[in-house]
Amino acid sequence: MTHSLFVNGRLHSVDTDGDAPLLWVLRDHLRLTGTKYGCGKAQCGACTVHADGQPVRSCSLSLADAATSRIETIEGAAGPEAEALTAAWVARGVPQCGFCQSGQLMSALALLRANSAPTDADIDAAMSGNLCRCATYNRIRAGIHDAAAALGDRS
Amino acid sequence: MTDTPPSDTPKRRFRLTRRRMILGSGLVGGALVVGYTAMNPMQVGGALLTAGGPDFDPGPFGPYIRIDADGGVAIVNPQQEMGQGIHAALAAMIAEELDADWDTVRVVDARVNFAAYGPQMTAGSHAVAYHWDKLRKTGAAARSMFVDAAALRWQVPRRLITVQNGVVSHPQSNRSASFAELLTDAARHAPPREPVLKRPEEFRLIGTDRVRRKDCGPKSTGRQVYTQDIQRPDMLVAMVAHSPRFGGMLKRFDDRDARRIKGVVDVFAIETGVAVLAQDTLAARRGRDALRIEWDDSAAERRSSPELTAWYRDIAVGRAVIDATSFETRGDIEQPQTGDRFETTIDFPYLAHAPMEPLDCVAQVRGWDVDIWSGSHLATLDQVQAALTARTIPGRVKLHVLPAGGSFGRRGLMSCDYLVECVRIARRTGHRPVKLMWTREDEMTGGYYRPMVHHQASIVLGADGLPSDWRHRIVAQRLIPVGDNPQNSEGVAGSPYFAAANTLDCRIASPELPVSVSFWRSVGHSHTAMAMEHIVDQLARRARRDPAEYRRALYQKAGATGRLRVLEALCTRAGWGKPLEDGWARGMALHDCFGTIVGQVAEVRLDSGRLVVRRVVAVVDCGIAVSPDQVAAQMEGGIGFGLSAALHGAITLKDGVVQEDNFDSYAPVRMDEMPLVETHILPSTRPPTGMGEPGVPPIAPAVANALFALTGTPTRSLPFGRQA
Amino acid sequence: MKLRRPRLSCLSIAMILFALIILIVAILLRPLTLPKPEALSAAFAPVVVAPLKPVSAFNAIVDPAARSVALFQEAGRVIRHPRCMNCHPRTDRPTQTDAMRPHMPAVARGPDGAGDPHLRCATCHNDANFTGRDVPGNPQWLLALIEQAWQGRSLGETCRQLFDPARSYITRAELLEHMANDALVGWAWHPGGDRPPAPGTQAQFGALIAAWRETDARWPA
Numbered sequence: 001m002t003h004s005l006f007v008n009g010r011l012h013s014v015d016t017d018g019d020a021p022l023l024w025v026l027r028d029h030l031r032l033t034g035t036k037y038g039c040g041k042a043q044c045g046a047c048t049v050h051a052d053g054q055p056v057r058s059c060s061l062s063l064a065d066a067a068t069s070r071i072e073t074i075e076g077a078a079g080p081e082a083e084a085l086t087a088a089w090v091a092r093g094v095p096q097c098g099f100c101q102s103g104q105l106m107s108a109l110a111l112l113r114a115n116s117a118p119t120d121a122d123i124d125a126a127m128s129g130n131l132c133r134c135a136t137y138n139r140i141r142a143g144i145h146d147a148a149a150a151l152g153d154r155s
Numbered sequence: 001m002t003d004t005p006p007s008d009t010p011k012r013r014f015r016l017t018r019r020r021m022i023l024g025s026g027l028v029g030g031a032l033v034v035g036y037t038a039m040n041p042m043q044v045g046g047a048l049l050t051a052g053g054p055d056f057d058p059g060p061f062g063p064y065i066r067i068d069a070d071g072g073v074a075i076v077n078p079q080q081e082m083g084q085g086i087h088a089a090l091a092a093m094i095a096e097e098l099d100a101d102w103d104t105v106r107v108v109d110a111r112v113n114f115a116a117y118g119p120q121m122t123a124g125s126h127a128v129a130y131h132w133d134k135l136r137k138t139g140a141a142a143r144s145m146f147v148d149a150a151a152l153r154w155q156v157p158r159r160l161i162t163v164q165n166g167v168v169s170h171p172q173s174n175r176s177a178s179f180a181e182l183l184t185d186a187a188r189h190a191p192p193r194e195p196v197l198k199r200p201e202e203f204r205l206i207g208t209d210r211v212r213r214k215d216c217g218p219k220s221t222g223r224q225v226y227t228q229d230i231q232r233p234d235m236l237v238a239m240v241a242h243s244p245r246f247g248g249m250l251k252r253f254d255d256r257d258a259r260r261i262k263g264v265v266d267v268f269a270i271e272t273g274v275a276v277l278a279q280d281t282l283a284a285r286r287g288r289d290a291l292r293i294e295w296d297d298s299a300a301e302r303r304s305s306p307e308l309t310a311w312y313r314d315i316a317v318g319r320a321v322i323d324a325t326s327f328e329t330r331g332d333i334e335q336p337q338t339g340d341r342f343e344t345t346i347d348f349p350y351l352a353h354a355p356m357e358p359l360d361c362v363a364q365v366r367g368w369d370v371d372i373w374s375g376s377h378l379a380t381l382d383q384v385q386a387a388l389t390a391r392t393i394p395g396r397v398k399l400h401v402l403p404a405g406g407s408f409g410r411r412g413l414m415s416c417d418y419l420v421e422c423v424r425i426a427r428r429t430g431h432r433p434v435k436l437m438w439t440r441e442d443e444m445t446g447g448y449y450r451p452m453v454h455h456q457a458s459i460v461l462g463a464d465g466l467p468s469d470w471r472h473r474i475v476a477q478r479l480i481p482v483g484d485n486p487q488n489s490e491g492v493a494g495s496p497y498f499a500a501a502n503t504l505d506c507r508i509a510s511p512e513l514p515v516s517v518s519f520w521r522s523v524g525h526s527h528t529a530m531a532m533e534h535i536v537d538q539l540a541r542r543a544r545r546d547p548a549e550y551r552r553a554l555y556q557k558a559g560a561t562g563r564l565r566v567l568e569a570l571c572t573r574a575g576w577g578k579p580l581e582d583g584w585a586r587g588m589a590l591h592d593c594f595g596t597i598v599g600q601v602a603e604v605r606l607d608s609g610r611l612v613v614r615r616v617v618a619v620v621d622c623g624i625a626v627s628p629d630q631v632a633a634q635m636e637g638g639i640g641f642g643l644s645a646a647l648h649g650a651i652t653l654k655d656g657v658v659q660e661d662n663f664d665s666y667a668p669v670r671m672d673e674m675p676l677v678e679t680h681i682l683p684s685t686r687p688p689t690g691m692g693e694p695g696v697p698p699i700a701p702a703v704a705n706a707l708f709a710l711t712g713t714p715t716r717s718l719p720f721g722r723q724a
Numbered sequence: 001m002k003l004r005r006p007r008l009s010c011l012s013i014a015m016i017l018f019a020l021i022i023l024i025v026a027i028l029l030r031p032l033t034l035p036k037p038e039a040l041s042a043a044f045a046p047v048v049v050a051p052l053k054p055v056s057a058f059n060a061i062v063d064p065a066a067r068s069v070a071l072f073q074e075a076g077r078v079i080r081h082p083r084c085m086n087c088h089p090r091t092d093r094p095t096q097t098d099a100m101r102p103h104m105p106a107v108a109r110g111p112d113g114a115g116d117p118h119l120r121c122a123t124c125h126n127d128a129n130f131t132g133r134d135v136p137g138n139p140q141w142l143l144a145l146i147e148q149a150w151q152g153r154s155l156g157e158t159c160r161q162l163f164d165p166a167r168s169y170i171t172r173a174e175l176l177e178h179m180a181n182d183a184l185v186g187w188a189w190h191p192g193g194d195r196p197p198a199p200g201t202q203a204q205f206g207a208l209i210a211a212w213r214e215t216d217a218r219w220p221a
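If you read the protein sequences in the order shown, they are chains A, B and C.
Residue 132 in the working numbering sits at position 132 of the first sequence; the count goes up by one each step and never skips.
Residue 77 in the working numbering sits at position 77 of the second sequence; the count goes up by one each step and never skips.
Residue 9 in the working numbering sits at position 9 of the third sequence; the count goes up by one each step and never skips.
Among these hints, one or two may not hold up.
[To be verified] Here are the simulated lysine to aspartate or glutamate pairs, EDC-like style, with alpha carbons at most 16 angstroms apart:
no. : chain 1 : residue 1 : chain 2 : residue 2
1   : B       : Lys-654   : B       : Asp-297
2   : B       : Lys-134   : B       : Asp-209
3   : B       : Lys-578   : B       : Asp-607
4   : C       : Lys-36    : B       : Glu-194
5   : B       : Lys-398   : B       : Asp-109
6   : B       : Lys-654   : B       : Asp-289
7   : B       : Lys-251   : B       : Asp-280
8   : B       : Lys-557   : B       : Asp-464
9   : C       : Lys-36    : B       : Glu-301
10  : B       : Lys-134   : B       : Asp-148
11  : B       : Lys-251   : C       : Glu-38
12  : B       : Lys-262   : B       : Asp-280
13  : B       : Lys-398   : B       : Glu-441
14  : B       : Lys-251   : B       : Asp-297
15  : B       : Lys-262   : A       : Glu-75
16  : B       : Lys-262   : A       : Asp-146
17  : C       : Lys-36    : B       : Asp-254
18  : C       : Lys-36    : B       : Asp-266
19  : B       : Lys-198   : B       : Asp-133
20  : C       : Lys-36    : B       : Glu-271
21  : B       : Lys-262   : B       : Asp-289
22  : B       : Lys-578   : B       : Asp-629
23  : B       : Lys-251   : B       : Glu-194
24  : B       : Lys-262   : A       : Asp-120
Hints listed in this document are in silico derivations from the structure and should not be mistaken for laboratory results.
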C-alpha cells in the first residue's frame with residue numbers, strides 16, 4: 001500500500017504497509033540513514049526525529065501515524081538552533097563513537113526550540129530518553145548550554 | 001573519516017625496499033632493519049595474508065602518509081575508531097614529526113593489509129604505545145625528504161631549513177615552499193636510515209589541546225557512515241534466529257509462515273540457527289518472528305544465576321572441586337592462617353557490552369572474492385576467519401573497516417561470531433551482498449559477556465597493620481581456550497598490596513560452561529580492581545587507618561612510585577580529608593592497567609536508598625598525553641561505562657535463558673545519573689600508554705568505598721543493591 | 001580487550017598458527033548436516049486472562065455490608081493489578097512491568113500528567129500499542145494525579161482515598177464512568193505484547209463497581 005510521507009520538506013511516496021515503523025521507512029526506503037536503530041522499543045532515543053516539531057521515537061511510530069505529520073530528521077535539521085548545536089558539538093568534541101548523536105541532537109534541538117535558556121534540570125529531563133554508551137553526557141549538557149548562549153548572543 | 005582508502009594499483013608486486021621498511025611500518029618492530037630478511041615473520045605473514053590479492057602501492061611516503069598534489073595531507077588510521085579517539089592520537093604523532101598543518105590534516109581509515117600495516121588489532125589499549133616510535137619515525141622520515149628536496153632546490157644546508165605547518169622555509173634567504181610545491185622532488189628522495197625524532201619539549205602539537213577528534217563534523221550531522229548504514233546494489237538483509245539457551249542446537253524448523261511475509265526471499269538453517277533473508281530489515285524481522293523452531297537443549301545450559309553463583313562459591317572454598325592454577329605464591333602456604341583473619345567474598349555478574357550500534361556486518365561472496373564492510377577490531381583475524389568461512393585465501397578478502405558505533409570489546413572476538421555468520425549467509429545468496437542485522441535483543445542475549453566472577457580472600461594483618469598473609473581465590477571462565485586464564489587474574493597478580501605479605505597464595509579456577517564469554521572493556525581489571533580496592537579499604541578500617549594513608553604505606557613498601565605520585569595528586573585534587581556536607585562521603589580507588597595508572601575519588605550519597613554519585617575527581621598518569629582532550633573524554637566515558645555496570649548492570653539466567661534483553665532491563669547510566677568528572681593529567685615525559693580502558697576499573701570500588709564510609713557495610717556483590 | 005602483547009614476531013606466528021589450527025578444525029568438522037525445513041504445528045501461547053467473578057456470584061452473601069466489601073475486594077483485583085497501578089504511582093515517576101519497577105527511561109509526570117514539558121509521554125507512546133509488542137499506547141496516555149496514588153496503599157486506603165473529596169478529584173458518578181467506560185482504563189484489558197491483562201473485562205469490572213455502589217460502597221479495613 002502506498003503512503004505519502006512529508007519528510008524534510010519533501011513529499012515522498014512509500015510503498016509499504018501502514019504498520020511499518022517510521023524508522024525503517026526512513027532508513028530502508030528513503031535511505032535517510034542518519035536516524036539510527038539502537039533498541040527498537042523507545043529505550044535509547046537513537047532514532048529520534050521530529051513529528052510536527054515534537055521529538056518522537058521513530059522506531060515506535062507507525063508509518064500511518066507519521067503520514068499525517070511533518071517529519072524532520074537529522075538530515076533536514078536546519079535553522080539557527082541546529083547550526084548552533086552542531087557548532088557546539090564540534091567545538092566541545094562531544095561525540096565519541098557518535099552512533100547516538102543524531103538522536104541526541106534531535107532531542108536537544110526540540111529542547112532549544114522550545115526553551116532558549118534551558119537549565120541543567122531542563123536538559124536532564126529532555127535528554128534522559130537518549131542513551132549514550134560512551135557516556136558523553138557531560139559534554140552534551142555543556143554543548144546545549146554553549147548553543148543556547150551562542151543563540152542568546154546572536155539575538 | 002569517510003575518504004576512500006589508499007588506492008590499490010594492480011600488477012605491481014609488493015617488494016620490500018629500504019623506503020618501504022622505514023616509511024612502511026617499521027614492520028620489524030623497534031629496530032629499523034635495512035635490507036631483506038627472508039625469515040622475517042612479518043614478511044612471511046604479510047605474504048601469506050596478502051597473497052592473491054591486489055598489489056598495494058604505499059606511495060612515496062609509505063602507507064601511512066598520502067600527500068595530494070595540492071599539498072593536502074591525509075594520514076591513514078590502521079586501527080578501529082570506535083569512539084576512543086585513536087585516529088586523532090595516531091595522526092597527531094605523524095603530523096607532529098612531519099610538521100604538517102594539523103588543522104587541514106585529514107584522517108582516513110585503512111583497509112586491512114598485513115604487508116603494509118602489520119597485524120591490525122585494536123585491543124588492550126595498546127595502539128598509542130605501540131605506534132609511538134613507529135609513526136613518529138614515519139612522519140620524521142617524510143619531513144626529512146621534504147627538507148632534502150628544499151636543500152637541493154635552494155642549494156642551502158639542510159640544517160638551516162625549517163618546517164612548520166606544511167611549509168618548508170629557509171629563513172636566511174627568506175625562501176619558502178609548500179609541501180605541494182616540493183612534492184615531486186621530495187618523492188624522489190630516499191628516506192633517512194634513522195630519522196631524527198623531536199624531544200618531548202620540542203613538541204608543538206602533541207600534548208596540546210589542539211589535538212582534537214577529526215570526526216566530530218560527520219558525527220554531529222548524521223553523515224558518518226556505520227555498518228548499519230551500508231547499502232549495496234541488490235543487497236539483502238538477513239536476521240538469524242538463535243537458540244535462546246547457550247549450547248542449544250537447532251532441531252527442527254518450519255519456514256512456511258515466514259516465507260509468506262512480503263519481502264522475505266529465503267529461509268535456511270545455518271550453523272548458528274535459522275537465517276531469514278529479505279528485501280529490507282523490517283521484512284527480515286517479521287519473517288524471523290514468524291518462524292517456528294524447536295531447539296535441542298540436551299547439551300544446553302539450564303541453570304539459573306543463583307545456582308551458578310552458589311556453584312562458584314563452592315569452587316572457591318573447595319566444596320566443588322575443579323582444577324585451579326596458582327598465579328602468586330610466597331612463603332609457606334601449607335601452614336594454616338593464624339591470628340586475626342579478615343575474610344570477604346565478592347560476586348560479579350555477567351555483563352553485556354551493549355554498544356549503541358547493535359552487531360551488524362555486510363558481506364558479499366563472489367567465488368574466491370569476498371568483500372566485507374564491518375566495524376572490525378581484530379581486523380586481521382576477521383580477514384582470516386572470513387577467508388576460512390568462505391573457503392578462500394585471506395588475500396582475496398577485502399575488509400573495509402568502518403568506525404564502529406561502540407564496541408567495548410564485543411566486536412573484538414577471536415571467533416568473530418557475527419562476521420562469520422554473515423559470511424556463511426552470503427555464501428548462499430548467489431553473489432548478492434548481505435547485511436546481517438542483529439537486534440538489540442540478539443546482542444544482549446547473544447553471549448560473549450564479561451564473565452561472572454567470584455573473589456574470595458582471607459587476609460591476616462601483621463603487627464604493622466599491613467597484610468602479612470593473603471590467600472586469594474578467583475573463579476571465572478576462561479576468555480581464551482588456552483593458558484591459565486591470566487586475563488582474569490590481571491590486577492590481582494603483582495598487586496602492590498602484597499608488598500608486606502610473607503605468605504601469599506593466589507589461585508584461579510576456571511569453570512567451564514556453555515555461556516560464552518569474552519573481552520569487555522578493561523577485561524579482568526573490570527572485577528579485580530573492585531576486589532582489591534574494596535578489600536584495601538576494609539583492611540584500612542580494620543587497622544584503624546585512613547584509606548589514603550594506608551595505601552601510601554603499602555605503595556611505599558612496594559616501591560610503587562607511579563601509584564604514589566597519582567595518590568598524592570588525587571588527595572590534593574579531590575580534597576581528601578576535607579569535610580563534606582552531611583550525608584555525603586568520598587571513596588577512593590587506584591588501579592593500573594595497560595600501563596596507565598588511574599586514581600578516582602567519588603562523592604556519594606544515599607537518597608532514600610538510591611545511590612547518587614555527584615562528582616568524580618580523576619587523576620591519570622598515561623605518560624605523555626598525546627591528546628589531553630581525548631584522555632579526558634575517555635576518563636568521562638570510562639567512568640560512565642563502569643558506573644553503568646556498577647549501578648545497574650547484570651545479565652542473569654533463568655532456566656538458562658537470559659532475562660535482560662534491552663535497555664529497560666539492562667540499564668546504562670543516563671544523563672540524570674552521570675556524575676561531573678574532573679580529569680587531571682599528570683605531566684610526564686614517559687612514552688604514552690593507552691586510555692581506552694583504564695578509566696573503567698576504579699569507579700566501582702571508588703563508589704563502593706564511599707558507600708562503605710557512609711554506611712559501614714561493605715559491598716559483597718555488584719551491581720550495588722542487588723544480591724547475587 | 002587485552003591481548004597479551006608479546007614481541008611482534010611471536011604475535012604473527014601465533015596468528016598464522018591459530019589460522020592453521022582453525023583451518024584444520026574446520027576441515028575436520030565440515031560434514032555438518034543442517035536441518036531442512038519441515039511442517040511444525042503452531043505453538044501459540046494463548047493469552048491467559050484471569051477471570052473476574054460476576055456480580056451474581058456475590059448474591060449468596062446475605063449481609064449487605066459484607067457483600068459490599070466482597071464486591072470491592074473482587075474489583076480490587078483489577079485495581080491492584082500492575083496494568084492499573086503502574087500509572088497510579090506515589091512519586092512523579094510511573095512504574096513498568098509486572099515487577100512495577102521504575103519507568104525506564106526516567107520520566108516525570110509534568111504539570112498535566114502527560115510528561116515533562118521537554119519529554120512528553122507522546123515522545124514514545126502513541127495512540128495505540130505499537131506493533132502489538134513493544135511500546136504500549138493510547139490516545140489519552142496520562143498519569144493519575146499524585147493525590148490518586150495507589151501504590152504503597154492497601155485496598156482499604158485506596159477506597160477511602162477514592163471517596164475523600166480532598167484527594168479524589170472525582171465524583172462518584174465520574175468514578176464509575178472512569179472505571180467502567182474510560183478508554184485509557186480499558187487499555188488495561190488490551191495491553192498488547194506479552195503484558196498480562198487485568199482480570200476479567202472492563203464491563204465485568206464496571207458491573208462490580210456499580211453493584212458495590214448500590215450496596216452502599218463499603219470498604220475493607
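Against the structure, the hints come out as follows:
At roughly 14 angstroms between alpha-carbon atoms, Lys-654 (chain B) and Asp-297 (chain B) fall within 16 angstroms of each other, so this suggested pair holds. Of the pairs offered as hints, the one joining Lys-134 (chain B) and Asp-209 (chain B) is violated, with about 23 angstroms between alpha carbons and a cut-off of 16 angstroms exceeded. Note on Lys-578 (chain B) and Asp-607 (chain B): the hinted pairing is violated, with a Cα-Cα distance of about 22 angstroms set against a maximum of 16 angstroms. For a cut-off of 16 angstroms, the pair hint linking Lys-36 (chain C) to Glu-194 (chain B) is broken: about 63 angstroms separates their Cα positions.
Straight-line distance between C-alpha atoms of Lys-398 (chain B) and Asp-109 (chain B) comes to about 14 angstroms, which keeps the hinted pair within the 16 angstroms bound. Only pairs whose Cα atoms come within 16 angstroms are accepted, and Lys-654 (chain B) paired with Asp-289 (chain B) is rejected, the gap being roughly 22 angstroms. Simply put, Lys-251 (chain B) and Asp-280 (chain B) have alpha-carbon atoms about 27 angstroms apart, too far for the 16 angstroms limit, and the pair is violated. Between Lys-557 (chain B) and Asp-464 (chain B) the CA atoms are separated by roughly 12 angstroms; this keeps the pair inside 16 angstroms, and the hint holds.
Restraint check: the Cα-Cα separation between Lys-36 (chain C) and Glu-301 (chain B) comes to about 25 angstroms, which exceeds 16 angstroms; the hinted pair is violated. With a C-alpha separation of about 21 angstroms, the suggested pair Lys-134 (chain B) and Asp-148 (chain B) falls outside the 16 angstroms cut-off, and the hint is violated. The hinted pair formed by Lys-251 (chain B) and Glu-38 (chain C) meets the criterion: a straight-line CA distance of about 11 angstroms does not exceed 16 angstroms. Taking the CA atoms of Lys-262 (chain B) and Asp-280 (chain B), the gap is about 10 angstroms. The hint holds against a cut of 16 angstroms.
Pair hint Lys-398 (chain B) plus Glu-441 (chain B) does not hold up; C-alpha atoms about 30 angstroms apart against a cutoff of 16 angstroms. For the hint pairing Lys-251 (chain B) with Asp-297 (chain B), the CA-to-CA distance comes to about 9 angstroms; that is within 16 angstroms, so the pair holds. Of the pairs offered as hints, the one joining Lys-262 (chain B) and Glu-75 (chain A) is violated, with about 29 angstroms between alpha carbons and a cut-off of 16 angstroms exceeded. Restraint check for Lys-262 (chain B) and Asp-146 (chain A): not satisfied, since their Cα atoms lie roughly 48 angstroms apart, outside the 16 angstroms limit.
About 9 angstroms separates the Cα atoms of Lys-36 (chain C) and Asp-254 (chain B), which keeps this hinted pair within 16 angstroms; it holds. Of the pairs offered as hints, the one joining Lys-36 (chain C) and Asp-266 (chain B) holds, with about 13 angstroms between alpha carbons and a cut-off of 16 angstroms not exceeded. Under the criterion of a C-alpha separation no larger than 16 angstroms, the hint pairing Lys-198 (chain B) with Asp-133 (chain B) is consistent with the structure, at around 11 angstroms. A C-alpha spacing of about 12 angstroms is found between Lys-36 (chain C) and Glu-271 (chain B), which places the hinted pair at or below 16 angstroms, so the restraint holds.
A hinted pair counts as satisfied when its Cα atoms are at most 16 angstroms apart, and Lys-262 (chain B) with Asp-289 (chain B) qualifies at roughly 13 angstroms. For the hint linking Lys-578 (chain B) to Asp-629 (chain B), the alpha-carbon distance of about 29 angstroms lies beyond 16 angstroms, and the restraint is violated. Restraint check: the Cα-Cα separation between Lys-251 (chain B) and Glu-194 (chain B) comes to about 63 angstroms, which exceeds 16 angstroms; the hinted pair is violated. A distance of roughly 47 angstroms separates the Cα atoms of Lys-262 (chain B) and Asp-120 (chain A); the hinted pair therefore is violated under the 16 angstroms criterion.
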